[in-house]
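Residue numbers (full-length UniProt numbering), protein chains in the order written: chain X, 1 to 259; chain F, 1 to 355.
Heads up, none of these hints are tricks.
In silico lysine-lysine, DSSO-like type, Cα no more than 30 Å apart, as pairs:
(1) Lys332/F / Lys33/X
(2) Lys33/X / Lys37/F
(3) Lys175/F / Lys109/F
Just so you know, the hints here were simulated from the structure itself, not pulled from any lab data. All figures in this text were calculated on a predicted structure; none of them were measured in a lab.
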Amino acid sequence: MDSLHIGSYTFSSRLILGTGKFSSSSVMLEAVKASGTQLVTVALRRFNREQPGDDLFTPLTSIPGITLMPNTSGASTAAEAVQAARIARELSGSPFIKVEIHPNPQHLMPDPIETYEASKILAKEGFLVMPYIPADPVLAKRLEEAGCVSVMPLGSAIGSGQGLATAEMLKIIIRESAIPVIVDAGLRSPSEAALAMEMGCDAVLVNSAVAVAGNPPVMAEAFAEAVAAGRKAFAAGIMEKSGIAVATSPLTSFLGTEA
Amino acid sequence: MNPLPEWLSAGHDETRFRAMLSPDSPYTLEQLAGESKAITLRRFGRTMSLYAPLYLSNHCSSGCAYCGFASDRKTPRRRLEQEEIRKELGAMKRLGISDVLLLTGERTKAADFDYLRTSVATAAADMQRVTVEAFPMSVSEYRELAEAGCTGITIYQETYDPLRYAELHRWGPKKDFRERLETPSRALEGGIKTVGLGVLLGLADPQEDALMLYRHLRYLGKTYWRAGLSVSFPRIRPQTGSYEPPFPVSDHLLARMIFAFRIALPDVELVLSTRESPAFRDGMAGIGVTRMSIASRTTVGGYHDAESSDRGQFDVFDDRTAEAFCNALRDKNIEPVFKNWEHAYNGPSHMEAEK
Numbered sequence: 001m002d003s004l005h006i007g008s009y010t011f012s013s014r015l016i017l018g019t020g021k022f023s024s025s026s027v028m029l030e031a032v033k034a035s036g037t038q039l040v041t042v043a044l045r046r047f048n049r050e051q052p053g054d055d056l057f058t059p060l061t062s063i064p065g066i067t068l069m070p071n072t073s074g075a076s077t078a079a080e081a082v083q084a085a086r087i088a089r090e091l092s093g094s095p096f097i098k099v100e101i102h103p104n105p106q107h108l109m110p111d112p113i114e115t116y117e118a119s120k121i122l123a124k125e126g127f128l129v130m131p132y133i134p135a136d137p138v139l140a141k142r143l144e145e146a147g148c149v150s151v152m153p154l155g156s157a158i159g160s161g162q163g164l165a166t167a168e169m170l171k172i173i174i175r176e177s178a179i180p181v182i183v184d185a186g187l188r189s190p191s192e193a194a195l196a197m198e199m200g201c202d203a204v205l206v207n208s209a210v211a212v213a214g215n216p217p218v219m220a221e222a223f224a225e226a227v228a229a230g231r232k233a234f235a236a237g238i239m240e241k242s243g244i245a246v247a248t249s250p251l252t253s254f255l256g257t258e259a
Numbered sequence: 001m002n003p004l005p006e007w008l009s010a011g012h013d014e015t016r017f018r019a020m021l022s023p024d025s026p027y028t029l030e031q032l033a034g035e036s037k038a039i040t041l042r043r044f045g046r047t048m049s050l051y052a053p054l055y056l057s058n059h060c061s062s063g064c065a066y067c068g069f070a071s072d073r074k075t076p077r078r079r080l081e082q083e084e085i086r087k088e089l090g091a092m093k094r095l096g097i098s099d100v101l102l103l104t105g106e107r108t109k110a111a112d113f114d115y116l117r118t119s120v121a122t123a124a125a126d127m128q129r130v131t132v133e134a135f136p137m138s139v140s141e142y143r144e145l146a147e148a149g150c151t152g153i154t155i156y157q158e159t160y161d162p163l164r165y166a167e168l169h170r171w172g173p174k175k176d177f178r179e180r181l182e183t184p185s186r187a188l189e190g191g192i193k194t195v196g197l198g199v200l201l202g203l204a205d206p207q208e209d210a211l212m213l214y215r216h217l218r219y220l221g222k223t224y225w226r227a228g229l230s231v232s233f234p235r236i237r238p239q240t241g242s243y244e245p246p247f248p249v250s251d252h253l254l255a256r257m258i259f260a261f262r263i264a265l266p267d268v269e270l271v272l273s274t275r276e277s278p279a280f281r282d283g284m285a286g287i288g289v290t291r292m293s294i295a296s297r298t299t300v301g302g303y304h305d306a307e308s309s310d311r312g313q314f315d316v317f318d319d320r321t322a323e324a325f326c327n328a329l330r331d332k333n334i335e336p337v338f339k340n341w342e343h344a345y346n347g348p349s350h351m352e353a354e355k
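One chain only, chain X, in its complex shape:
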């Protein structure tokens, strides 16, 4: 069985879903169920113990077979993210934390420096740290050394639907990484998710593309199928592209005939 291993956890689904931006929590729950996902991320700021109707966390706990991964979206510094992670662990009981640090609330780009600092601290505290990062191969290795269980480089800006704009950097990260690489942010359509999987990503995280689709549960299912197909293709070994031209005058004639 071709499973995804993160820390000591094993998942058969390679699709991770985000839970923001949906028109209602009931639509979100339907999408989560339809996707067959086993790992779902929820922002700590959307936990609301005082007002059940406004809470995203509790309803998710009723879906069987799902591991919840709180995230620190809204934090702008390492200190805030660390504090948020501790609160999230206490409230959710989950060992996972998706470290998400946006120093600027407009463009939502991850801060590599603060993310590294927070991840280092949290890994030492025993969290299973999954940092959301720019597609930077060196940063990815630094985070691996710091004890993260996965890295989550962005395909393109959050909510942009620009797909795998960082493809060339992602290929380097995938080639070099000893921990799972999960493409997070920017995917617009299932074909892009399939492409990420064909490139060798271990999983993808999708949120906006499902949440704002015409029919989120059906779109969630479409993403699940695309991710499975892309993974299967990668595992089967994809045919090389043709196009390496054979020179008309041989390059190796000087070697003579082989003895």
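Following the hints, position chain F against chain X.
Just chain F now, with coordinates in the frame of chain X:
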């Protein structure tokens, strides 16, 4: 001497913004609405973040011609004491509110900086997110306010036309145009994370003011790269209240402005208050605006103690209950979000120089 700073003069990237707002715009309202809706959906999803204002005090030292709290108005003056603030917050929390905007008039002895800072700390103990719309402060005061738990301030320039500004702000500290203009910069330098800007629509040429507001936002974004920015669209509605706006802004023009800001600044929070009608608010939800006030009282207090003696700063047009308003959003397939913040994210913004 030109009272406007260099950064409010023509920019290099405003051609489209001007074209969207120009009276002979090449873009139809419907075209702009379509583009604005697509951006809003992509960037903010099918959600609306909600807040409510709490007027702490209506004492005021300024004489703004258009305001119900101006110091020459004969409205009864009062301020809420900390115990009253706690009761008001308790009543707001029962409505589901966890994001509060605290308001005062211009700085007075009755409602000075210490009073405001204490009130912020009181509110931050109870609410997830506290923002302030009060008077201009110094960098060090903003630093103290941020440390007390204030994450954002709202400060409207009202108008960027210095001559109109001088006519309208007849006396008091608010008369100083430049002091007010530089307030958002001081707040960001002091560690306030988000600044909300706006012009009071109706006071001066709306297209010109919108362009200046756009330049101000671009300047702040470039100068303070961590700054969270939001834009509000307070409008003096014609034929309501005692002040007749010299430059009334129609629903169509207001909608066009909101679309233009959404398209030109796709990631910025756009805010619409209960000054606007239920129909206009419902219509703008999901196609540009991403943050709205609910169940607002514009009198001092008014949530716990519903009997208030003053008339309020302005008349609330959308007076639906929190529940009725949320249901209207849900009918439009938009999720009302009460809690979109976390205590852990309060405190001053990060400044590299201080590390």
